[in-house]
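Visitor: Listed below, chain by chain, are the residues.
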Amino acid sequence: MKECVIETRRLRKQFGDKAAVSDLTLTVRRGEVFGFLGPNGAGKTTFIKMLLGLIDPTAGEATVLGEPLGNVRARARVGFLPEHFRFHDWLNGREFLQFHGQLYQMAAPRLNARIRELLKRVDLLDAADCKLKEYSKGMLQRVGLAQALLNDPELVFFDEPTSGLDPLGRLLVRDIIEELREKKTAVFLNSHLLSEVEVTCDRVAFVKRGQVVRELTLKGRPPLLRVELKLGSAGPEKIAGLAQFGGGLSTQNGQVHLQVEDEEKLPKITSWLVGQGIKVYEVAVKRQSLEAMFVEVMGGEERPG
Amino acid sequence: MHGMLTMVRLTLQEARSRKILLVALLFGLLFVGLYATGLYFIHAHMRSQGLGVQNRFVLSSITMAGLYGCNFLLVMAAVLVPADTLSGEISSGVIQTLVSKPVRRVEIVLGKWAAFSLILLGYLVLTAGGTLLSTWLIAGFVPPNVGPGLALMGLEALLLLTLSIAGGARLSTIANGVMVFGLYGLAFLGGWVEQIGTFANNDPARYVGIASSLLVPCEALWRLAAYNMQPPLLRDVQMSPFASVSVPSLAMIVWAAVYTMLVLAFALRQFQKRSL
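Line order of the protein sequences matches chains A and B.
Under our numbering, the first residue of the first sequence carries the number 1, and numbering increases by one thereafter.
Under our numbering, the first residue of the second sequence carries the number 1, and numbering increases by one thereafter.
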């Protein structure tokens, strides 16, 4: 079995003068939950569509599950839930899953068993015989998730899977991604919701104007801690001494801010401040959020998409 | 092949659940009912008057009028029923979870095309078959060459269906409907220009008409069907409103079949290249 489920090399898509995706190179490993982050219009959906054969690339190379783009066999092992999911709403839930299962060429006994299992998992057994036009957005999302997982895929693409969902819906998506991870199913996740990505993904790529600008491993990485200190009066030369414990030393609104990599530094900071005769009124510690990193990577000049 | 059969099943299922097909069926049945009722009273009047040779003329003309009405319904169905099958799914995004499955794009288009072909041919059998059956049951009259005539009407429906599917691969539903109706209108008018040109011995007008038939052969197929389904004596003395002065040749049938295949190939290619 190939180690990488997605490999792209300088993938490009040009629409007229505009390059929606330009020079995009990345790999996603088997069993990995990979987050794709970027503002609207960065090329995230265009990238997914190229990998799924919905759009032909202008240049570059890519493989999905070891097969070149457009390979029909590979698509049998892939699941996809689009961002603006729309389905044949005159079908009921069960018929809808049967139709998509037939497109996967699943044999009837296995398909029927899988449909029962998935309807139960996404809590739609009661609504299975209702037409999709009667489903709420959350229900459509859940039946869409079931559709993506029908054939026990090795790789699943979720494009903004939680947008427009209530907190319970988001929790379901998160739980399903966790289950997929345990089954060593790779998940490629486009999302705006950085808090969700931070909790679910192993690795993320920040994409800006059709290119990957930064990749970051989230799992197994020690968190960057942001320390905020409320201190008594102290001269700037004394405050500067805090730089020995970490980086990004600054003073804002009467508070001293510092980034440290290890929480063991915190008692050392407090001891040093007391030793210097500086009064310590408050020590607040926050994890450097993905959101802050996102804004930093995207840059202040980036306009909303 | 498997994907194509799945698409055929889905398209037939969809047609069953959609009101447009129900409305078309209803109008088809109403039309046949209206025709049969009219024919019954006309035939009863003819029998009471004891008209002889004129009977065949009247019956032939009425039958052709009925079949002309069926042709009209069939043209409407062929253009309107499949008009949004691709364009609607593309614009709504439904197509995305289909094309990303292990099914070739050609299978999706061919599956839809095959299903709508079955539906339209079934509609032809219901309406034209109902008309001919009524004529036989009420008046004991059967026009000549019914088989070839209905086959030509069927080919006309398939041609228009294929144009509708090809348009849907590139255009929005409304633009597609307008385009196909526009082409049919071109063929219809061209047919009349050809008839008038032939009658008036005006070659340029005749050629313009022939050119329009080559561009869109559907109307020529109806004229050939009508020509074949009228008794030879009546059509040759041109005493029928459906008699043709200029009759399309058999080469037109071959061209219409080739044309349909070319348009289908065009549809497959357009959909294959389309960004979704």
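Please keep in mind that the hints were generated in silico from the structure rather than gathered at the bench.
Where a beta carbon is used, it is the ideal one built from N, C-alpha and C, also for glycine.
Some clues are possibly wrong.
Said to hold, decoys possible - A short, non-exhaustive set of chain B residues, derived as facing chain A with CB atoms under 7 Å:
(1) M4
(2) S17
(3) G88
(4) S91
(5) S92
(6) K101
Visitor: Give a verdict on every hint.
Guide: Here's how the hints hold up against the structure:
no.	hint	result
1	M4	11 Å, violated
2	S17	5 Å, holds
3	G88	10 Å, violated
4	S91	10 Å, violated
5	S92	5 Å, holds
6	K101	4 Å, holds
Going down the numbered hints, you'll see the structure goes against 1, 3, 4, while the others check out.
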